[in-house]
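Novice: This is what each chain is made of:
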Amino acid sequence: MTYILLFPLAGVLVNLLFGFRRGERFAGRVATGAMGLAFLASAAAFLSLLGLPPGQRALRAFLFEWIPVGGLQVKASFLLDPLSSTMTLVVTGVGFLIHLYSMGYMHGDRGAVRYFIYLNLFSFSMLTLVLGDNFLVLFVGWEAVGLCSYLLIGFWHERDSAAEAGKKAFVVNRVGDFCFLIALFLIFGRFGSLDFGVVLPQAAATLGAGSGAATLICLLLFGGATGKSAQFPLHVWLPDAMEGPTPVSALIHAATMVTAGVYMVARTSALFALSPFAMGVVATVGALTLLMAGSIAVAQNDIKRVLAYSTVSQLGYMFLAAGVGAYTAAIFHLVTHAFFKALLFLGSGSVIHSLHGEQDIRRMGGLRAGLPVTSWTFTVGALAIAGIFPFAGFFSKDAILFAAMTSPRGGLVFWLAGAAGAFMTAFYMFRLVFKTFHGKCSLPIEQQARLHESPRVMLLPLQALAVLSVVGGWMGLPLVRGADLFGGFLSPVFPKMGGEHHEVVLEVAMMLVSLAIALLGIFVAYGFYVRGQGVGAAYGRRWPRLYRLLLNKYYVDEAYDRFIVQPVKRASIWAWHAFEDGLIDAAVNGAGAAVEAAGGAVRRLQTGYVKSYAVAMLAGAFAILVYLTVRGG
Amino acid sequence: MTIPFPQIHWAYLLPVLLVVGGAVFVLMWDAFFPQRERSFLVTLTLAVLASALGASLAAQPGSEAASMGGMYLYDGFTRFVFALILLSSFFSVLLSAAQRSLEEVPAGDYLGLILFATSGMMLMAATRSLLMVFVGLEIFSLALYVLAGFLRGQPEGNEAALKYFLLGSFASGFLLYGMALIFGATGSVDLMEIAQRLTTSPPSRSPAFLLGLGFVVVGLGFKVAAAPFYMWTPDVYEGSPTAVTAFMSVGPKVAAFAAFFRLLLAVGPRAGAELDAILWVMAVLTMTAGNVSAIWQSNIKRMLAYSSIAHAGYILVALAAVRRGSDLATGSFLFYMLVYALMNMGAFCVVVAAGARGEERTRIEDYAGLGYTRPALAAAMALFMVSLAGIPPTGGFVAKFYLFSAAVKVGFVWLPVIAVLNSVVSVSYYLRLVVLMYMREPGEAPARPGLLGPGWSYALAALVLAAAGVLNFGIFPSSFFELALRSTLLLN
Amino acid sequence: MELAFFYLFAAGIVGASLLMVTRANVIHAALLLVLAFLFMAGLFVLAGAEFLAGVQILIYAGGIMVLYLFSIMLMNVGVAVRLRQWHRQSVLALAAAVLLGAEVWAVLGRGGYPGAKAWGWGLGQTPGNVEALGEVLYTKFLFPFEVASILLLAAMIGAIVLAKREITR
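Residue numbers (my numbering), protein chains in the order written: chain A, 230 to 862; chain B, 152 to 643; chain C, 597 to 765.
Hints were generated in silico from the structure; no laboratory data involved.
Just to be clear, a hint being listed does not mean it is correct.
Below, computed lysine-lysine pairings styled on DSS-like, alpha-carbon distance capped at 30 Å [to be verified]:
| # | chain 1 | residue 1 | chain 2 | residue 2 |
| --- | --- | --- | --- | --- |
| 1 | A | Lys-396 | A | Lys-798 |
| 2 | B | Lys-560 | A | Lys-304 |
| 3 | C | Lys-760 | A | Lys-840 |
If you want the ones that stay clear, here's a sample from chain C, every Cβ over 12 Å from chain B, calculated [unchecked claim]:
| # | residue |
| --- | --- |
| 4 | Leu-604 |
| 5 | Arg-619 |
| 6 | Ile-623 |
| 7 | Phe-633 |
| 8 | Leu-634 |
| 9 | Phe-635 |
| 10 | Val-641 |
| 11 | Gly-644 |
| 12 | Gly-650 |
| 13 | Ile-653 |
| 14 | Leu-670 |
| 15 | Val-694 |
| 16 | Glu-699 |
| 17 | Phe-741 |
| 18 | Glu-742 |
| 19 | Ala-750 |
Beta carbons: idealized from backbone N, C-alpha and C, even for Gly.
Okay, chain A solo, but in the shape it has when bound (with noise of 0.2 Å):
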C-alpha cells in the first residue's frame, strides 16, 4: 500500500535529477509511468482489501512516529479502508489517463519537464490526503495539493492573470485552511489524539450529541472544506483557477482536488453525525451552490469557465447528498463525476489545442466534422453529466436525488432543488454542446481549413473516460437487492442515517421524474441553440437585468472587493503605519503620520526616531508596570 505513494514520489524524484537533462519526452515517461504503477498498486491494495471481511476492511501502514506531543504521537500512518481505497483508484486512475493526455498536450512548452515534477507532486499529496490516518497527515496533504494547486494555476505566469488567478485561490483557500487548523486544534484540545481510530469511534462519547463542541468543530472542518471544494461563498477562486493548463484544470479542478473537501467531511462522517445542524449548513450550502454555480454557468461563454461552474454545481450536490447523510451517494457522484468531468476538461482541451488557444464558444461552432473523436466522447460526458440513463451520472444524480427527498434530514425543498439543478446542468451542457459541436462554423476559413483532431495521446484517454462515463454508474445499480455493490462496500465506513426502506414505487417514480427533468433541459436548449438560431440570446435581451447579473456572477466578486479587500487593504496599510511608525507618533500627528511615511527612507535616517521609538518604550513600560502594580498591588 505504500507504493501507492511511492510512485509518484520517485515520479518526482527521478525528474529532477535527470529530467531536465533528458528532456520533456522522457519527463513525461517517467511521471506517466509512475501513475501507472501507483494506479496498479491501488489495484492490488483494492483487491486485498476486498479479500478481507466486510466489517474488517481496514488496512494500516505504519511508518514512523512522527510528532510525539507529549504522551501521546502523532504517527506518519496510512490507513485503507474502502473510502480511501475508492479514493487511490480514482486518483491513480483518472490521475494516469490525464497525464499520458499531458503528453500530447504539453508537447513543445517550455515548461513541460517542471509541469510534469508539480503534477506527480500533486499525485502524491492528494494520495497522501486520502491515506493518512488521522488529521495531520490529511491536512499536510491538504496543504500540498493547495501548494501545487497554486503552482500550476500560476504556471503560464506571463499570463498576468495566471499570476492572479493562482493568488486568488491561495487568499480564498486561507480562509479555509484558517477554519480546519482551528477544527484540528479543538479535536486535539477535546480528544488529546489526532488518530481517525481514536476520534472517530470516541466522537459521540468525547462531544456528545447535539453539543456545541461537536458544532463548532463540524462548522469548522465544513468551512475548511468549503475553501478547498469551492463551495459559496469561497467558491470565487474555482473559475479562475482555470487560466491553467486544461489537463491541471481536469486534474485538479475537477476530478481530485477539490473534491478533497468531500472526502473530509465523509472521512470525518462520525463527527457530523453528532451535529444535526452542521449538516443541516452543509446540505443547504451544497444546494444553494448548486443553484447559484449552475444558472452563472448558463450565462457564461468561455467553455473552460462553463465546465467550471458546472463543477462547483456538481461540488454542491455532493455536499447535499452529504448534508442529509447519504455518504455513499456523495462519493458515488465524486467517482462518476471525476470521470465525466475530467473527459469534459480534456475534451475541451482538445478542442482548444486545435484551435489554438481559442475558448470563446461563440467563435466555435460546428466543429463536429473536424474533431469526430472529441466531439462524440464530449458528447457523451454531457449526456452522463446531465443524468440520461444509462450513463454514469444517471445513477449517481438519482441516488443524492433520492436521499434528499427520503432521507430523515433531507426535504422537499432539497429535492427541488436538486431538480432544478438537473434541469439547469443539461440545459448549459448542452448550450455547450450545440454550440461548439454543431452549427455553423463561425472560424474564418483558412483556420477551418487547418482544423486537425488532437494526436493519439490525447485521444486515448478521452475515450477511456468516455467509455467509463458509460459504465461507471453500473457499480451501483439501484433498486435491485444487491446490485449496489459500491453502496454495499463503502457503508460500512458511515454511520446508518436509518429510514433505509423505502417503497420501489416511489424509487421509479423519482427516476422517471428526473430522467424527463434532464431531457426536458436538453430539448429546450436543443429549442434554443439548434432549430431557433439566437432564442437563447433574445431571452437574455428580454430580461437584461437577469442575464447580466448571471454574466457577472451574482456580482460576487465585486462584493468581495468592495466590502472585503479593500477595506482591509485599508485597515492593514493603516495598522502597518500606525506599527512601523511607532504609535506615538500616529498620536501626535494624526493622519499627518501616514503622508509622512510615503518619504519614510529619508525620514528614518534621522535620530528623531530614535526618540519616538524610546517614547515608545517609555509608555509600554509604563503600561505594563501599572498593570501589574495595581493587579498585584
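Got chain A sorted already, so can you dock chains B and C onto it with the hints?
Specialist: Frame of chain A; chains B and C shown alone:
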C-alpha cells in the same frame, strides 16, 4: 583568614572557556600574524565553535548542576541552549565568510567580537543569578553594537549601530533597575532564593517586587523584540551587515528567551498571575505587528526583521504557557528555536549568496525570476519561506504545531487561535517571495556575478546544513523533540 | 539630618545631570558629569559604602572623566554643533517619564521593601567594610567578577575597532 573556594565543575564550564579562549586566541593571532590568510582565522573560529558544541554535547548534565553557588548552572536546558547559540554563531561565521562586503574588514577583530558575543549569550542563558544575566547581556550587546556598524563608510550601518546602542542602553537601564528592585524586595539576585522567599516570606511579594518584575520584563522584551519594544529591530536589521543581522536574529533571542524562561519558571507560579495578561497581550501585539508590517516591506532584510518579530510573538505564546506550568512549553520552545535558527539562518544565507560583489540584493524585487537564473538558490529560499510560513512537511510546521498545542493543553483558547490566524496571514508575504522567484521574469539579470569567489563554499555549507535540517525536522522531528523535552529546567 | 543630606545629594545628581544633557559646550557637560559623580559618591557614603564612594571618586571622577577631558581637548571639539535639541516628542517623552516616575514613587512609597530587615541585604554585618566586600567578591560573586573582565575586554576591542575606523578613514 581562609577563603572558601567556590565549587566549580570544569567539564560544565568548558564550552564557555573554549569560546572565550578562542576569542582571545583569534585576536592574538591576528595581532601577531596579520599576514596570514583570512580563511585560516575563519576555519579556526569554526573549529572553536565546533569544539565548544562538542564539549557541551559531551557534558551530560548530572546532579551537581550548579557551579559557583548557582552563578553558573548547567542543566539540560543550558545544554540545549548552548547548542542553539553555538549553532547560530557557527552559521553566522559561515555567512560572514561568504559575504563579499565583509572581505575587507579586519578578520581578527570581527571574529573575536562574534566569539565574545557568543560567550555572553551562553553566560546569560546558563545562570540563575540576575547579576549574571545582566553581565552576559551586556557582553553580547556591546559586541553586537560594534558588529552592527562594522562596515565602514556605510551610513546605514552607522545609523543602525547608533540606534541599537542608544535604545539598547535605555533597555539595559530598565533591566538593571528592575533587578535592583527585585533585590530590594527579596534580598537576593538568585532566582532559586527569590522563588523560595516568595513562597516562605509574604512581605517579599511586595509591590516593589512586582515593579521590579515589570522592569525586567521590559528589558528582556527589548532584547527579544517584543511589542511595544521592537521598533529598533527593522532599522537595525536593515542597516547591519547581513551576516551580523542573521546572528542578531537568532543568538540574542535564544539567550534572552532562555533567561526569560528561567525567570518565569522561578517567579511565575507564585508571583505572576498578573503576568498572564501581560504576556498574552505582548504575544498578540508582537505577532500581529510583525506580520502586518512584514506584508508591506520592499526590503528583504526588513521583511525578515518583521518576520522575526512575528516569530518572537509565537514564542511568547510558549512563555505564557510555561507560566501556567505547561510541561510541553519548554520543550516546544527549544525545538521551535532550533528550527527557527535553521530556517532564518538559511534565508539570510540566500540573501548573502544572491548578492553580487559589493552590492547586496536587498530589495524584494531583486528576487524576481531567481528561480530561472539561480535555480538551486531559489529552491532553497522557497524551502525556507515555506518553513517560516509553517507549511508542512517542513520543520516550521512541526515547531508551530508543538508550540500551539502546548498553549492549547494549558487551556488557552484565543491565544492559539490568534496565533494560527497570524501564521495564516504570514503565509502571504513569505509566499510572495516564492511567487516572485518562480512566476516573474528576471529583471536585468546580473548574470552569474562573481559567485565562485572564496566564500562560496562557506555559503554552500551553510545552505546545505540549514536546508537539510529544516526538512529533517519536518519529517523526522521525534528524536530531537524528545531531546528538547528532556532538556528541562532546573532551579536548584 | 541624614535625610536632609540624602535629598541634597539626590537633588544635586538630578540637577547636574539635567544641566549636563542640555549643555552645548562639551567641556561644560563633562565637568557637570564629574559633579554628578561626586554627589553620587556622597550617596554611597550615606548608605555606608565608603569603599564604593572612594572608588567612585577615584575611577569615575578622577580617571575616566579626566581621560574624557583630555580627548576632548586634544580633538579640539570645543562647542558642539548646535543640534536641534527639542523635538516634538519631547512633551510626550516628558509626560511618559513623569508618569513612570510617579508610578514608581507611588508603589515604593506605599510599601517600600517590607522584607528588607529580614535578610540583612546579603552582605556582611558591617557593610562598607573593605575586607567584607573583598571576601564576598572573591567567594560568592567570584564568577560575575571574573566574567566582568570579558565584558571589559569586549568593550575594549569594540572601542578599538571604532577608533581604528576613524583613523583609517
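Novice: Hint by hint, note whether the structure agrees.
Specialist: Each hint tested on the structure:
1. Among the hinted pairs, Lys-396(A) with Lys-798(A) is consistent with the structure: their alpha-carbon atoms are about 15 Å apart, no more than 30 Å.
2. At most 30 Å may separate the alpha-carbon atoms for a hinted pair to count; Lys-560(B) and Lys-304(A) meet this at roughly 19 Å.
3. For the hint pairing Lys-760(C) with Lys-840(A), the CA-to-CA distance comes to about 29 Å; that is within 30 Å, so the pair holds.
4. Distance check on Leu-604(C): its Cβ is at least 22 Å (rounded) from any Cβ of chain B, clearing the 12 Å threshold; non-interface status holds.
5. Residue placement check: Arg-619(C) keeps its beta carbon more than 12 Å from all beta carbons of chain B (closest about 19 Å).
6. Against the 12 Å criterion, Ile-623(C) stays outside the reach of chain B, whose nearest CB is about 23 Å from its own CB.
7. Separation of Phe-633(C) from chain B is adequate, the least Cβ-Cβ distance of about 17 Å exceeding the 12 Å criterion.
8. Every beta carbon of chain B lies more than 12 Å from that of Leu-634(C), the smallest distance being close to 21 Å; the non-interface claim holds.
9. With a least beta-carbon separation of about 19 Å from chain B, Phe-635(C) lies farther than 12 Å from that chain, consistent with its non-interface assignment.
10. For Val-641(C), the requirement that its beta carbon stay farther than 12 Å from each beta carbon of chain B is met, with the minimum near 19 Å.
11. Every beta carbon of chain B lies more than 12 Å from that of Gly-644(C), the smallest distance being close to 16 Å; the non-interface claim holds.
12. The Cβ of Gly-650(C) lies farther than 12 Å from every Cβ of chain B, with a closest approach of about 21 Å, so its non-interface assignment holds.
13. The claim that Ile-653(C) is not at the interface with chain B holds, since no C-beta of that chain comes within 12 Å of its own (minimum 22 Å).
14. Once the 12 Å rule is applied to beta carbons, Leu-670(C) is consistent with being away from chain B; the minimum gap is 22 Å.
15. Residue placement check: Val-694(C) keeps its beta carbon more than 12 Å from all beta carbons of chain B (closest about 17 Å).
16. A beta-carbon of chain B comes within 12 Å of the beta-carbon of Glu-699(C); the shortest separation is about 8 Å.
17. Here Phe-741(C) does not stay apart from chain B, with its beta-carbon only about 9 Å from theirs, under the 12 Å limit.
18. Chain B draws Glu-742(C) into its interface by the beta-carbon criterion, the shortest separation being 9 Å against a cut-off of 12 Å.
19. The beta carbon of Ala-750(C) is not kept farther than 12 Å from every beta carbon of chain B, the shortest such distance being approximately 4 Å.
Checked against the numbered hints above, the structure violates hints 16, 17, 18, 19; every other hint is satisfied.
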